[in-house]
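Participant: Sequence:
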Amino acid sequence: MPRGVAIPELRQQLFAAAERVILRDGPAKLSGRAVTTEAGVAAGLLYAHFTDLDDFLAAYAVDRTFIIGATAGALPDRAGTGDPAANLTDTLLAIPREALAALARLMVLKPELAARVRDVLGDHATALDAIEQAATAYLEAERRLGRITETVDPPAVALAIDGLLHHLVLTAEDIDPRLRRAITALVGTTANERSGDNG
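Its first residue numbered 1, the sequence shown is counted upward by one per residue in UniProt numbering.
It should be emphasised that the hints constitute simulated quantities derived from the structure, not laboratory data.
The structure presented is a predicted model; accordingly, all values stated were derived computationally and were not measured.
Among the clues, some could well be false.
[Stated by the list, open to error] Straight-line C-alpha distance at most 25 Å; calculated SDA-like pairs for lysine to any residue: (1) K110 to A43; (2) K29 to A70; (3) K110 to A59; (4) K110 to L121; (5) K110 to D54; (6) K29 to A17; (7) K110 to E98.
Please take these sequences and the hints and turn them into a complete structure.
Facilitator: Written as structure tokens, this is what we have:
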């Protein structure tokens, strides 16, 4: 690319390139050169916008955490509508899979990024926390509405669902049916459905 030509959405282009490197080669292979080569831009361009690689990775982690948190954060608003297990599954499947898988791998290699994400987005703002908290709030709301049984422990089930999602994102190709089956088993059918069946 010629010098002096602005690149629209450069940050997102670099973030997407970093994501591809993480998913293809692993986070240990990340370097400024690997990212810019993958993005097809000049080698020094990353450092023209970020202090160093850690600064870039922190910005990437904040960006992807925000996206993941915003998607998961819509879940509590679905309380009282539709099927609880389907609401959980559909919301979790709407989270960008590549972003979640890449961020999880990066955080394992660089756990110190979690503190930098919290500095920007606040406490409990890592992607892991955001999903677990949204699921907990949703399940608590559904339990108050009587749409899931009192035996469901929202924090425990939310933690299990969060772990399940990350396991499937990191290991499975087709996660939809497995995630749906597991969440249905964890949450069960709605209390109203059971009452109707018994009536």
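Participant: All hints are to be evaluated individually against the structure, with a verdict given for each.
Facilitator: Consistency of the hints with the structure:
1. At roughly 23 Å between alpha-carbon atoms, K110 and A43 fall within 25 Å of each other, so this suggested pair holds.
2. About 29 Å separates the Cα atoms of K29 and A70, which puts this hinted pair outside 25 Å; it is violated.
3. Proposed proximity of K110 and A59 is supported: the alpha carbons are some 13 Å apart, at most 25 Å.
4. Among the hinted pairs, K110 with L121 is consistent with the structure: their alpha-carbon atoms are about 18 Å apart, no more than 25 Å.
5. This hinted pair checks out: K110 and D54 have alpha carbons roughly 9 Å apart, not beyond 25 Å.
6. The hinted pair formed by K29 and A17 meets the criterion: a straight-line CA distance of about 12 Å does not exceed 25 Å.
7. Under the criterion of a C-alpha separation no larger than 25 Å, the hint pairing K110 with E98 is consistent with the structure, at around 18 Å.
Violation of the numbered hints given earlier is confined to hint 2; every other hint is satisfied by the structure.
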